[in-house]
Every structure is written in C-alpha cells, then in structure tokens.
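**Q** Below, each chain spelled out in residue letters.
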Amino acid sequence: MSDNDMNEREKTAMTEEQIETEDVSDANRGRVISDSTDEADDVLIETGPTAGLDDDKPSRGTGQTIVESRNIDVWYGDDQALRDVSIAIPENEVTAMIGPSGCGKSTFLRCINRMNDLVDICRVEGELTLGGKDVYDENIDPVALRRRVGMVFQKPNPFPKSSRDNVSYGLNVQGIEGDHDEIVERSLKQAALWEEVKDRLDESGLGLSGGQQQRLCIARAIAVDPEVILMDEPASALDPIATSKIEDLIADLAEEYTVVIVTHNMQQAARISHKTAVFLTGGELVEFGSTQKVFENPDSERVEDYITGKFG
Amino acid sequence: MMREAYRTQLDDLREEVRGMSELVIERLNTGLDALSRHDDRLARTVLHGDEAVNQRYLSVEELCIELFALQQPVASDLRLVAASFKIATDLERVGDLAANLGEYTLATEGEAFPEVDVTALGRFALSMLENAMEAYAANDPYLCREVAARDDQLDTQCERATEVVVRELIETDHRDDVGTETLLADVSRLFLTVRDLERVGDHAVNVAARTLYMTEGDDELLY
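Chains H and W are the protein sequences, given in the same order. Mapping the first sequence onto our numbering, position 222 (from 1) lands on 214, and the numbers just tick up by one. Mapping the second sequence onto our numbering, position 204 (from 1) lands on 212, and the numbers just tick up by one.
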C-alpha cells in the first residue's frame, strides 16, 4: 500500500473515530458492558469517554509502565506483520520505534489504539494493556480507547474548519464539558501554536503552514486530554525548522503525556526519545532499551548493523 | 554493504591514528636512545621533530569532526570516532614528552645517577603504549586490561627510582664532586625524566581505556 493510500485511510479512520460515535462497525462494539448496574440493559453500546476503562487515570510521572504488550502477533491476511512482540512502554516518557520499512513498527503503533480494527484483514493475537487493562477486551470501546490514546499522522490532516473548531472538535463530539475556549487556548499553548494563531482562530486551519498544521493536529489530539499520544512519522513532511519545533514540543508533551513515536529518522529518535525500540524485518522487536544504550552500544549485532547502515 | 564512502572514511581514520602512533612510538624510541647513549644528534632530531606529530594530530581531529558533522556515527562507529578523537590527544602528548627527552639529553653532561635505569623505565612505558596501540588495531579488550594492569608496576618503579636518588642525596656528601647548582640541575632533570616516563604510561592507559570503550562499550577503565 502506498503512503498516499495509507494517509487516506488514516484520515478516514480519524474522521470515523471522532464523528461516528454510534458506529457499530467494530467487531467488539455493541456488547453489553456490564450487568452489574441497573442501566446495563439500556446501554447496549457504551461510547462514553472512559467506556470499559477505569475512570481513574494512573498518576503521572511515576516511571511506571503504561502500555504493555505480551506476545503480540499481527497478521494481514496470511502475512505476519508482527511476531511475538512483548514490550513495556513507560509512562511520561518518549518511546521511539525505529526499523526498516515493513518491519511492523507502525502496525504496532496501531495496535495500541486499535486502529488496526479498521483493517478488515488484520488479525491481532496476544495481550496489549493500557494502564493494566486489556485494550482488546470485549468490554473496551475502541472510540473511548482512542480518546485516551491520541494519534498524530505523517501528513498534517486538519479538518477544513477554523483552527478553533479543529481543536474543539473532539470536545464537542465526545461531549466533554467545560469552557471549550479555555481548553482550545490551553491545547494550542501546549502545542506551541497559540502565539501564531491567537489572532486568527476563526480562520481555516488549512491556511496554516505544514508545520503549523501539524501542531494544530497535535493540539487537536491533546484537547481531549489523552494519556498516550501516538505519532507516526510526525515530522517527515516538514522542513528542519518546523521539525525542530515539533521535536521541542514532543519533549514538552512528555512531561504530561506518554509519547510513542514511529520515525524513519534515526537521528530524530536519538534526539528526542528516552527509550528506543528497534523492529527488524519479519516484524520482530529485536531490541528495546534506553536510547543512549541503543545508539552507543546496542546489544544486538543486527541492531548494530541496521543503525550503522551496514544493511537496511 | 551500504554507506561505502562512510565505511572507507572510518577505515581511513583508524589508519590515520595508527600512522600517528607509529610516528610517536618512533620518536619516543629515538628519545630513549638519545638519553641512554647521550647522543646529542638523536636528541636534536627528537627535539625538533614534533611538528610532524602535531600535523598528524590535526589531521585526525579534522577527520573526526567531519565524521561527526556529516555522518553522525552511532554504535560501534560512534565509539571508534569518539575513542580515536581522544586517543589522538594522548598520542600528541606522548610526542611532547619524547621531545622533552631530547631536551634533557642535551642539557646533561655526564651520568649523574647511573644506578637509576631511566632507559628501562622508558622501555617499560613504551611497551605499554605499543601494546595499547596493538589493542586499538586489533580490537583486543584483553590487551587493554593487561596494559592498564601494568601501570601500577611502572608507577612503583618510578617511585623506587626517585627514592634511590633521594636516599643517595641524604646519605652521600656530593658537595665535593660537583657544584651544588650542577647537582640541583641533574637531580631536577632526573626527576622530570622519571615523571615524564611515568606519564607516558598514563597516556598508554588512557589509550587502552578508550580502546576498551571502543571495542566493548565498556567504560570501566575510564573512571
């Protein structure tokens, strides 16, 4: 599949995720959530912000694991994209995923917020938890999950709406209460975009530069206050200055969120991440450790060969 | 194999460091010969030949900076460039110490304390440096640790040499043999020679420590 096709699919997915809150196309939706409450019989589809997940978010900055996979295998039809991947992603840190094209790093990213559910031929086996809770549990609503696990894509994909509406969109469709203007301002400030757009909040987000559009998408992702932000090559379409701004932003975001970033740019992974996961051909997670260790003295010879450019 | 030009540059760097070390080792050898044979001609050769070492040093430094800036080496490549960058500094200092030996030779008239075998100290330190560079060339972590372990022996020998001189000064009245000024100059020079040779050993240990880091990512000898 070409990148363009992928982006179209991603955009569709993003839109579906945010608009179609009553959609029951996902396999695991439409189940009775619980029979322990009186309302259970009336609520066939729970689409509330924390459906199936604990209301209490784990406390931040603990250095604890927030996302953990155990023996994850993923197939697209007969092709195995991930093989027995087990990884524990720490909270409030930046974890980079690197590896050659087709190694499964983006597939893994999409397992975390169940974006792979949107691919008919995709099959996921194994266990993947968010805050200790299995995200593939039948009680979990993927839409609620994706509110806790935001995503930013390679190509900036703002909605054809004003900057303000772009950021407040998720708040509206998720029915999140509170002062939306305040949340919009806070999100734009966190995304280091406020100063550049504060005087033109009602102008179309599509009128912004590529780097600004990407920061707008980040503001949109953090407006609904997720715990984890997944980024799939967020700076690969940007020039070095816009890239630097995104990289600075990622460092700031890690103070409040957990960031998992897929990048082809190894130097970017080295610059911005605390931990690095190296996937190699065959969908195998070959090494996962502190970024300094991986780039200074990796354990695996295959990783050494890959990052020094002896193959790849 | 990918990035062929880059790999060639890394090989060139390794060769450049080896070439620099050969030059430095040769100069140290010459300095020791000058000292042991009281050969003023050799002494002048080693005293005035430092510029070639400095040029090699600058060339290594330039290669390293170019690799850092343009190739952003990682993993074992990073360790090779970082270690080479530091090793070149140590080699350059040994070059300076070799020049000192030439200077001491020219300033010395006779053999003031023949019981102190500075040439043996020098050969010991020189062999440490040679082995450290063999370890660098062959990626030999065992030899790195072995070189580092020998530094204590060198230090002990240097301390003993100093003690011998001090003891003799205390026990013997030299005032009748030579003038006080001459004796002072001879003793100072001898102490400086011993100290310089002990430093050659320290630089050899530094080379071994950087080489161990380079080969195994192990910084145990660095700190």
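In short, the hints are calculated from the structure, not lab data. Among the hints, a few may not be true.
Here are the simulated DSSO-like pairs of lysine-lysine, each with C-alpha atoms no more than 27 Å apart in a straight line [stated by the list, open to error]:
id: 1; chain 1: H; residue 1: K147; chain 2: H; residue 2: K125
id: 2; chain 1: H; residue 1: K237; chain 2: H; residue 2: K153
id: 3; chain 1: H; residue 1: K237; chain 2: W; residue 2: K94
id: 4; chain 1: W; residue 1: K94; chain 2: H; residue 2: K147
id: 5; chain 1: H; residue 1: K147; chain 2: H; residue 2: K285
id: 6; chain 1: H; residue 1: K153; chain 2: H; residue 2: K125
Cβ-to-Cβ under 8 Å is the rule here; a few derived chain H residues that face chain W [stated by the list, open to error]:
id: 7; residue: G202
id: 8; residue: P290
id: 9; residue: S292
Idealized CB from N, CA, C, for every residue including glycine.
**Q** Could you check the structure against the hints above and give me the numbers of any it violates, in ascending order?
**A** The structure breaks hints 1, 3, 4, 5, 6, 7 and 9; every other hint is satisfied.
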